[in-house]
Amino acid sequence: DQQVKQNSPSLSVQEGRISILNCDYTNSMFDYFLWYKKYPAEGPTFLISISSIKDKNEDGRFTVFLNKSAKHLSLHIVPSQPGDSAVYFCAASARGGANSKLTFGKGITLSVRP
Amino acid sequence: NAGVMQNPRHLVRRRGQEARLRCSPMKGHSHVYWYRQLPEEGLKFMVYLQKENIIDESGMPKERFSAEFPKEGPSILRIQQVVRGDSAAYFCASSSGGNTEAFFGQGTRLTVV
Chain A
1 DQQVKQNSPS LSVQEGRISI LNCDYTNSMF DYFLWYKKYP AEGPTFLISI SSIKDKNEDG
61 RFTVFLNKSA KHLSLHIVPS QPGDSAVYFC AASARGGANS KLTFGKGITL SVRP
Chain B
1 NAGVMQNPRH LVRRRGQEAR LRCSPMKGHS HVYWYRQLPE EGLKFMVYLQ KENIIDESGM
61 PKERFSAEFP KEGPSILRIQ QVVRGDSAAY FCASSSGGNT EAFFGQGTRL TVV
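Protein sequence lines correspond, in order, to chains A and B.
Counting from 1, one number per residue, gives the positions in the first sequence under this note's numbering.
Counting from 1, one number per residue, gives the positions in the second sequence under this note's numbering.
For the record, the hints were derived by calculation from the structure and aren't laboratory data.
Misleading hints may appear alongside valid ones.
Stated by the list, open to error - As a list, the in silico SDA-like pairs of lysine to any residue whose alpha-carbon atoms are at most 20 Å apart:
| id | chain 1 | residue 1 | chain 2 | residue 2 |
| --- | --- | --- | --- | --- |
| 1 | A | 38 | A | 113 |
| 2 | B | 44 | A | 113 |
| 3 | B | 44 | A | 26 |
| 4 | A | 106 | B | 40 |
| 5 | B | 44 | A | 6 |
Claimed, not checked - Take a look, some chain A residues computed to stay more than 10 Å from chain B by CB distance:
| id | residue |
| --- | --- |
| 6 | 24 |
| 7 | 52 |
| 8 | 68 |
| 9 | 70 |
Fair warning: this is a prediction, and the values are worked out from it, not measured in the lab.
Glycine included, each C-beta is placed from N, C-alpha and C at the ideal position.
For reference, chain A alone in the conformation it holds in the complex (with noise of 0.2 Å):
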């Protein structure tokens, strides 16, 4: 039972352009949402967070979107970089805070084309 899906497993985008990953999630008790980046042979690197109470967290050039009503987040990227190329997964948590157990989904490998 797959509670956090990433149903595209990949991603080609143009250099400068923007990336859209997608994540959806079954549920409800999910209340707290982040992004890792992956290399091969290294270990997830977290990237950006964002609580249930809010719809919308931006760093820098990564921002992600919440819509508890459709259980659907996503992470923009803009513009992509060639050094953005990994795979991306997103986790979620429940009880309120990234302390607890994750449940990742199976990730997306973006690739980003010079």
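Guided by the hints, dock chain B onto chain A, whose structure is given.
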């Protein structure tokens, strides 16, 4: 300012042997999480520990797997009598508690032959 350190990075075991995976959290962190990633899958939660206590082990297989985080030393994930299906990347993460994000180590890639 070392991050989360996991060793070994790669571990090969024959079926039936024991595997011990070590995780040293970031300095000042007392919360440790273990996750497993199977090929083509996302990370799956296994266990959450604080010093000397298991807080949540809802993701741990019922048999052969155990974890500890002693007062001194690293956290250990122990897999007894390994089988081929245990082959995966095992990631450790640590946090300082409260509503803070966890930082991940580089993982241990276990191969059972």
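For the pair supplied as a hint, residue 44 of chain B and residue 113 of chain A, is the alpha-carbon distance within the 20 Å limit? At roughly 31 Å apart (the allowed maximum being 20 Å), residue 113 of chain A and residue 44 of chain B break the hint.
Beyond 10 Å from every Cβ of chain B: is that where the Cβ of residue 68 of chain A lies? holds, 19 Å
Are all beta-carbon distances from residue 24 of chain A to chain B longer than 10 Å? Per Cβ check, residue 24 of chain A is outside 10 Å of chain B; nearest 13 Å; holds.
Please work out if residue 38 of chain A and residue 113 of chain A have their alpha carbons no farther apart than 20 Å. With Cα atoms ~18 Å apart, residue 38 of chain A and residue 113 of chain A stay inside 20 Å; holds.
Outside-interface status for residue 52 of chain A - nearest CB in chain B farther than 10 Å: At about 13 Å from chain B, residue 52 of chain A clears the 10 Å cut-off, so the statement holds.
Given the hinted pair residue 106 of chain A and residue 40 of chain B, is their Cα-Cα distance within 20 Å? Satisfied, since the Cα-Cα distance of roughly 7 Å is no more than 20 Å.
Grab the minimum beta-carbon distance between residue 70 of chain A and chain B and tell me whether it stays above 10 Å. holds, 21 Å
Distance restraint between residue 44 of chain B and residue 26 of chain A, which requires alpha-carbon spacing of 20 Å or less: Measuring from Cα to Cα gives roughly 16 Å; hence the hint holds.
For the pair supplied as a hint, residue 44 of chain B and residue 6 of chain A, is the alpha-carbon distance within the 20 Å limit? With a Cα-Cα distance of about 15 Å, the restraint between residue 44 of chain B and residue 6 of chain A holds, given a limit of 20 Å.
In summary, the structure is inconsistent with hint 2 from the numbered list given earlier, while agreeing with all the others.
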